[in-house]
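As you go down the protein sequences, you meet chains A and B in turn.
Numbering that gives the first Met the number 0 numbers the first residue of the first sequence as 0 and each following residue consecutively.
Numbering that gives the first Met the number 0 numbers the first residue of the second sequence as 0 and each following residue consecutively.
Keep in mind the hints are simulated off the structure, nothing from the lab.
Take the hints with a grain of salt, since some may be wrong.
[Stated by the list, open to error] Derived coverage of chain A by chain B (criterion: at least 3 residues anywhere in the stretch with Cβ under 8 Å from a Cβ of chain B; other residues may be distant): (1) 117-128; (2) 167-175; (3) 188-200; (4) 209-222; (5) 317-327.
Virtual Cβ for every residue (Gly too), placed ideally from N, Cα, C.
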Amino acid sequence: MTVDRRDFLKYSTLAIAATSGMPGFLARAAAQAAAQPASGGKTLVVIQLTGGNDGLNTLVPSSNGAYYAARPNIAIPKKDVLTLTPDLGMHPALKPLMPLWDSGHLAWMENVGYPNPHRSHFASMAIWHTADPTQARAEGWIGRVAEKIGDPFCASNIGGTTPQALRASEFSLPSIGSVDSFQVKLPAGLDGAFERLLNLPRQGEADYLGRATRQMVANTQKVQANAAKYRPGAKYPEGRFGTNLQDAARLIAAGTGQRVLYVSLNGFDTHAGQRADQDELLGTLASGLAAFQTDLETQGLADRVIVMGFSEFGRRVAENASAGTDHGQGSVMFALGQGVRGGVHGDSPDLEDLEDGDIRYKQDFRGVYAGALTTWLGLNARDILGGDFAGPGWIA
Amino acid sequence: MSLNPLSRRLTLEDAAHLLRRTAFGATDAQIRALAGRDAREVARERLALDQQLAPGNPFDPAEAATPFAGVQLTRAAWLYELLYSPHPLREVLALTWSNHFVVGTDKVRNVPVLADYLNLLRRHAATTDFARFALEVAQSPAMLRYLDADRNRKGKPNENFSRELLELFTTGVGSYTEKDVQEGARALTGWTFRGGRGNRRFLEDSEFFFVSGQHDGGRKTYLGQSGNLSGEDVVRIAATHPATATFVARKLHRAFVADTPDEAAVATSAETFRRTKGNIQAVLEELLASDHFYARRGAIIRSPVAFIVGALRTLGQPRLEVKQVLNLAQTAGRMGQFLLQPDSVKGWDGGREWVGDTALLLRMQVAASLTLGQGAPGLETHPSDLALLGTERSPLAGVTDGLNPRQRLYLTLISPEFGLA
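With the sequences and hints as input, model every part of the structure.
See the structure below:
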């Protein structure tokens, strides 16, 4: 999508209207932001399932007696499973994603993990965020994408706080809490003084805060200059996750230029009463993603966006006494979109050959990342991941 | 590095620094009252905490009609205490401990349980016995519920609390094995609480309860010690492990000295922790009287709560409308810090993690509402640069020339300098 001259004039007027009360440098920044052509590139949307999503109850080994033996209370009954293959099916709450499966645009990556798995939520999440199982690196893999592209605005989190995945060596990439409220409203008469305040020379953490504030002002202008273009093309479910996905669609439709967008869904730490909690979360996930996909199709953007989802680990194979599961190892990843090659990629875990009660992972998550980086975003995955990682051919 | 006592008497800027760290901020008069005093004496005095609460707190969670309202009122009542408490250091410490022994209102929504938890944090704010503190937290219904310890039974372990006890509350990652987590869970079996369960009984009291029939009394090996260990044994072993001293000392340095602590200084505090058998009061007294503490100015990025409370304490604790306090508690949440609800059991990482676009935008809105908005509180005196920025010579002089006092105040509150402590 490109912005023609007439559109540009229209949007830059809107942008200045949206920032009325602060002419001067903020409005100039708005006009400059609007003048930048929209990105015609492809976008990767990363979905984080926080807390350790149970992969076995997500992509269910419905022909496997060992699965039902290990989980007498919380297994998904075979009759409820949404059959995908003779041996595998989806959790029933994922039903909104069935049309995507049927059209070949939903992929499951089986049994994904990393060497020497860590059962701490935080250590494991950091490993997925930095793409570094040794935990030696502080910056995130998406932060490195931004450094490679050379634009701090090329990736954004949709939500309150920026995950480590989006940390660059000196900066966190933007976190957009909500597109509507993402604007600076400066009290009248303080324009020049605010600009002077931000431009004072500083050192240490004060310098960091000053730069972050200047960058925030620029980010809000980029978003507001274009966001009014969007008209929703689907009805999203209520709740924070749906709202965040809609904001992601809005940024894509507005052509704000991010190559990577990041959305999280919390609450997967299901030590007790797992069925109720996970069922609801997977329903939220599926209804949100289905609306997102419909919206993109309505906008004519479905060929430009793919979604890739992960969680920091799966759960133990056997349920615990609280009808929940404790921390385990490898799990499933998923991907969807017209650019995705649908199907199940990789072998299912062997539930009779476990490592301390956990499945043994078979695919390295960095191989899955590499597919998105190389084939979808057209970047050199080795530069970003620090090595060559083979993965499933999940990009069409 | 040893933590040498500060040799000079407190200067005005030393006093301002101390109050930024131990009281979220202060007025010019409060700062001047400490100038010229001995650092050790002042630290000792400030650490002599009592449990008296701020008078006239308008929020009573016991009046809540729903669990959700109970949480909102608990949060607002705490923010009120943070704003108006005569013992701000007690509240700084309670906030610090709530970010160490984390529980979350996503699972804990019982009003008396949350009140008991907060009182526990206040009672042990500057505890002389960290192991005792850890045990009381471990047996609090808030923690039993939050980390599923009440579901942990003989032969049917639930590892949630056992894991986080080691990873996040005591030794930290690297000092224990997966086997220790499993053995710890066995020892902790049988712990539960009675009363106050479920959404309908959110106003009912709860208490710790041991079900001996569900306790695994067999032999375990935990962090190198073997025997028929009980849950009490496991918490004590973890809390007195040498690695715990370092882990907790680093937390205290994060809270009081710098977002990026000096590891040699942490090691000194850890040694004091070990020598005094977990006497946090002694660790803090040494730290808050040291030249190291006074040398690290502007090294902590203020959290959302510290920003809000700091602004209002610097303005002389003006009275706010009830609704304004409720709104500020919500706003802190949208900036990333809902009281009693960190994002995860790890707590808030803090430091640069507080600096996001949305949080920065909201800081600007809060500052505007406190200075220029229609409901902006009236001020008895205009805060000095010393109170606002911790220095007698404002680095912002020149920027704010020609503006009226409230405009200057607004710009100062949104400056990077005010955003640091």
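Indices of hints not satisfied (ascending): none
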